[in-house]
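Undergrad: Next come the chains, spelled out residue by residue.
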Amino acid sequence: MSLFDYTLKELQEKLHNKEITVTDLVDASYARIKEVDDEVKAFLTLDEENARAAAKELDEQGGDNPLFGIPIGIKDNIVTKGLRTTCASKFLDNFTDPLYDATVVSKLKDKKTVTIGKLNMDEFAMGSSNENSAYFTTRNPWNTDYVPGGSSGASAAAVAAGEVFFSLGSDTGGSIREPAAFCGVVGLKPTYGLVSRFGLVAFASSLDQIGPMTRTVEDNAHLLQAIVGHDEMDSTSADVEIPNYTEALKQDVKGLRIAVPSEYLGEGVSDEVRESIKAALKVYEDLGATWEEVSLPHSRYAVAAYYLLSSSEASANLARFDGVRYGVRSTQAENMVDVFKYSRRDGFGEEVKRRIMLGTFALSSGYYDAYYKKAQKARTLIKNDFDKVFEDYDVIVGPTTPTPAFKVGEKVEDPLTMYATDILTIPVNLAGVPGISLPCGFSSEGLPIGLQIIGKHFDEATIYRAAHAFEQATDHHKQKPALGGVKG
Amino acid sequence: MSEITKEQVLHVAHLARLAITDEEAEKMTKELDAIIGYAELLNELDTDNVEPTTHVLDLKNVMREDEARKWIDREDALKNAPDQKNGQFRVPSILD
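Chains C and L are the protein sequences, given in the same order. Number 488 marks the last residue of the first sequence (the UniProt record's numbering); no jumps. Number 96 marks the last residue of the second sequence (the UniProt record's numbering); no jumps.
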């Protein structure tokens, strides 16, 4: 049994009783990385020397909070002071000395977690499989022929493979929940505005959220608790009262009103996924919750609206990559405009260029109303669908993805097929509500299946309560991938 | 259905400050045409009386006192720059 098979609570007891040290935890993390990361390929950058020094210091100081001394991996679009941050893009290949920590990183440092390294992703978080990384494709620990999902694919894979205890990801259209589903871990996209985006390299600012990825729901609640809160450095950060998320886990789900959108079990959803969700609903019935089928009638428009809006925002956000202040500059350019044009040509990968082009087109003169504004209006209709359902129900439950993980290479040739992977997660970002994915079964090929639970704005507590009750009634979260020749 | 032309793609690439080859422009014309064609699904929706959503939270402008605050200094600001001189970012001439 690995140290990372314990829960946070158990690890803290062991630390407190001096059965283990922070150094043991950090050693376990790097040992596991050495053992399996050739296969999994989760890490872009390791911070071993600093992590070991930090562990030594923490062992001397001691500490007492649920996250004390816990090894963590951070998605590489979250800025870490002095630690290379590339967004898995060649454009930032030389960005080795970032000037500040993202707010979430400072908050975790306050809690004395230990940063093990930076995790691979789809370049600038644009993708659903990790195949858009400019460096290498992270593999699914359950079967390395398959993708781990994306864009936070390595954040999910590293947790599933036991390389770090937990990780941070970011989610714009499903980038935490889809890889969590594919890799059999727990991933939460918080309500828009709950977690500060300061220091998250912006993809689509009206949709992006940072969130926790863990093995269990309780650990997820602990990690969320540490990173939430109003931040004056993010003008879209919400000033709301923060509940105690772990307290919420103690409540059962008797009387919980669950809505199941018919659109989430319809065409395109595989039989195995549908059966797993039905089995999950049976578990909820047995636990005393009730469920009814509902409709989110505008679901089918979500992917189209999302790609127009997120690409438009991306085209503006990625204008900052100009080869002047940081990043790689083309050596071919002889005048200023060519510095921009050639640096961006050399630095950006194919998918990033495609989205910048789509967004620039949708925002360009003569097309703005027909595409960008139309998509914003569709977003209103999608959001209204959620508001209406939440008048009568506490949570919405369905699959996270229509199918389990697909094979590496299977969808790279067709952008639209790849985009459709996120059909069940995108509406949640458009509505700004929170959603979690947790394991609810396995396909006949042994790949994890994810259950998605969606809540009202700022009602993460009810999501956790529902997720925890399901998890405790089942043992899907106890399964571990066979890697390095032996189980876990 | 949309019909994006190669000329449009080259124009958009210029707006996006992205150098692309002729070959890339051809490929991108097809891809963008397919994506935009798919996005025209939204035309099924009657949105005449629908307000656009720019933001899901009801947020107002966030103001603070107009006071200088300590942030990064000049030396730090320049240390990741591809080229610099005399405490400034250095770039090629703007005029040909």
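Keep in mind that a hint or two might mislead.
[To be verified] Cut-off 30 angstroms, straight-line C-alpha distance, at most; resulting in silico cross-link-like pairs (DSS-like, lysine-lysine): (1) C/112 with L/27; (2) L/60 with C/377; (3) L/27 with C/107; (4) C/411 with C/456; (5) C/18 with C/107; (6) C/250 with C/14; (7) L/70 with C/81; (8) C/111 with L/70; (9) L/79 with C/407; (10) L/27 with C/353; (11) C/111 with C/278; (12) C/90 with C/109; (13) C/254 with C/111; (14) C/112 with C/9; (15) L/30 with C/353; (16) C/109 with L/70; (17) L/27 with C/407; (18) C/90 with C/14; (19) C/112 with L/79; (20) C/90 with L/79; (21) C/388 with C/254; (22) C/480 with C/34; (23) L/70 with C/353; (24) C/407 with C/377; (25) L/60 with C/107; (26) L/79 with C/456; (27) L/30 with C/90; (28) C/456 with C/90; (29) L/60 with C/388; (30) C/480 with C/14.
[Stated by the list, open to error] Label-pair ranges, simulated between beta-carbon atoms: (31) C/90 with L/64: 32 to 40 angstroms; (32) L/83 with C/1: 34 to 42 angstroms; (33) C/17 with L/54: 46 to 54 angstroms; (34) C/443 with L/64: 45 to 53 angstroms; (35) C/64 with L/83: 44 to 52 angstroms; (36) L/49 with C/267: 27 to 35 angstroms; (37) L/48 with C/293: 25 to 33 angstroms; (38) L/37 with C/13: 55 to 63 angstroms.
Honestly, the hints are just simulated from the structure, not real lab data. Keep in mind the model is a prediction, meaning the values are calculated, not measured. For every residue, glycine included, the Cβ atom is placed at its ideal position computed from N, Cα and C.
Undergrad: It remains to establish, for every hint, whether it holds in the given structure.
TA: We went through each hint and held it up to the structure:
1. C/112 with L/27: Since the Cα atoms of residue 112 of chain C and residue 27 of chain L sit roughly 49 angstroms apart, the hinted pair is violated (cutoff 30 angstroms).
2. L/60 with C/377: Distance of about 20 angstroms is within 30 angstroms: holds.
3. L/27 with C/107: This hinted pair is violated, its Cα atoms lying about 45 angstroms apart.
4. C/411 with C/456: violated (33 angstroms)
5. C/18 with C/107: holds (25 angstroms)
6. C/250 with C/14: holds (23 angstroms)
7. L/70 with C/81: holds (17 angstroms)
8. C/111 with L/70: This hinted pair holds, its Cα atoms lying about 25 angstroms apart.
9. L/79 with C/407: violated (41 angstroms)
10. L/27 with C/353: It holds: about 12 angstroms lies between the C-alpha atoms, which stays within 30 angstroms.
11. C/111 with C/278: With Cα atoms ~39 angstroms apart, residue 111 of chain C and residue 278 of chain C exceed 30 angstroms; violated.
12. C/90 with C/109: holds (28 angstroms)
13. C/254 with C/111: It is violated: about 34 angstroms lies between the C-alpha atoms, which goes past 30 angstroms.
14. C/112 with C/9: holds (15 angstroms)
15. L/30 with C/353: The given pair, whose Cα atoms are some 14 angstroms apart, holds under the 30 angstroms limit.
16. C/109 with L/70: Holds: residue 109 of chain C and residue 70 of chain L sit about 21 angstroms apart, inside 30 angstroms.
17. L/27 with C/407: Roughly 25 angstroms separates the two Cα atoms, so the pair holds.
18. C/90 with C/14: violated (42 angstroms)
19. C/112 with L/79: holds (28 angstroms)
20. C/90 with L/79: OK: residue 90 of chain C and residue 79 of chain L at ~18 angstroms, within 30 angstroms.
21. C/388 with C/254: Holds, because 23 angstroms separates the two Cα atoms, which is no more than 30 angstroms.
22. C/480 with C/34: Satisfied, since the Cα-Cα distance of roughly 18 angstroms is no more than 30 angstroms.
23. L/70 with C/353: Not satisfied, since the Cα-Cα distance of roughly 36 angstroms exceeds 30 angstroms.
24. C/407 with C/377: violated (36 angstroms)
25. L/60 with C/107: holds (26 angstroms)
26. L/79 with C/456: violated (44 angstroms)
27. L/30 with C/90: holds (26 angstroms)
28. C/456 with C/90: The given pair, whose Cα atoms are some 38 angstroms apart, is violated under the 30 angstroms limit.
29. L/60 with C/388: holds (25 angstroms)
30. C/480 with C/14: Given that 30 angstroms is the threshold and the Cα spacing comes to 22 angstroms, the pair holds.
31. C/90 with L/64: 32 to 40 angstroms: holds (37 angstroms)
32. L/83 with C/1: 34 to 42 angstroms: Between residue 83 of chain L and residue 1 of chain C, where Cβ atoms are some 53 angstroms apart, the hint is violated.
33. C/17 with L/54: 46 to 54 angstroms: Roughly 53 angstroms apart at Cβ, these two residues keep to the hinted range, so it holds.
34. C/443 with L/64: 45 to 53 angstroms: Given about 52 angstroms between the Cβ atoms, the range holds.
35. C/64 with L/83: 44 to 52 angstroms: holds (49 angstroms)
36. L/49 with C/267: 27 to 35 angstroms: 30 angstroms Cβ-Cβ, so the 27 to 35 angstroms window holds.
37. L/48 with C/293: 25 to 33 angstroms: holds (30 angstroms)
38. L/37 with C/13: 55 to 63 angstroms: holds (58 angstroms)
Hint violations for this structure: numbers 1, 3, 4, 9, 11, 13, 18, 23, 24, 26, 28, 32, all remaining hints satisfied.
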